[in-house]
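Novice: Sequence:
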Amino acid sequence: MISSLIGSILLLAAVCHGAPPGSLSGRIVGGEDATQAQFPHQISLRNGDSHSCGGSIISRNWVLTAAHCVSYEDANGELVIQPASRYSIRAGSNDRLKGGVLLQVVEIIVHEDYGNFLNDVAILRVEAPFIYSANIQPIALPTKYTPDDADIIVSGWGRLTQGGDVPRYLQWTTLKSLSLLECDSRIGYGYPNILCLLHEADNGVCNGDSGGPALYNNEVVGIAGFVYGGCGTTNPDGYARVHLFVDWIKAHTDVE
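The opening residue of the sequence shown carries number 3 in our numbering; numbering runs sequentially from there.
Think of the hints as simulated: they come from the structure by calculation, not from any bench.
C-beta: ideal position from N, C-alpha, C; glycine also.
Be a bit skeptical, because a hint or two may be false.
[To be verified] Cβ pair distances, simulated, as ranges:
1) G190 <-> Y147: 18 to 28 Å
2) E109 <-> A203: 35 to 45 Å
3) A136 <-> R170: 32 to 42 Å
Sequences and hints are given; from them, build the entire structure.
Specialist: Have a look at this one:
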């Protein structure tokens, strides 16, 4: 299993072994402030008292995020899932420091085939059900394969530039989905379960956006996974393609 460099401070401090050519790292760059309740499914996943990753509410009890946000590789190369007690979730606020509600995570399930930046999917159960409102709502899982050359909306509290400041308020931008062939030709990662999202220079996601949603037709079609060559390059960003994990998600949660 390869430790990802995207997401939290903990993961950024980890060593990445056997990565594909180029630099893979964590990460919205070139975005704009979200309006209140624009993304009511978006949560801030907090490791201790600090924002570490994004995620999406998918039911009253469950959140969808990236596996690398809640796990690490030990000295023997084995995957270790962090204790749920380390994590809490802020929902219902665009401000990563206050507002909304804070709920403790009580269960973490990581995809059993997570590794090599693939199958980077995890689900988190919260201690008490989310109370839905204008600011807190679930996002639907995808009902079909995400088309190529589609406008995909991404959001998060990731760094504004490579190594730059972390925004206080939720950011969003629009990227473009690539075909598997185009993704493979650009970064060598043309796998069916990877959704490659293209952007211009000084745009895209960055450290702290990991685990956050990519939206198409009001469905969560991607989970932020990695950037190639640093934040804000012209290389596409890698997301877990949620459509291929819908059955797995439903089997482990109360999503119908």
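Novice: Now look at each hint and say whether the structure bears it out.
Specialist: Do the hints match the structure? See the list:
no.: 1; hint: G190 <-> Y147: 18 to 28 Å; result: 21 Å, holds
no.: 2; hint: E109 <-> A203: 35 to 45 Å; result: 40 Å, holds
no.: 3; hint: A136 <-> R170: 32 to 42 Å; result: 21 Å, violated
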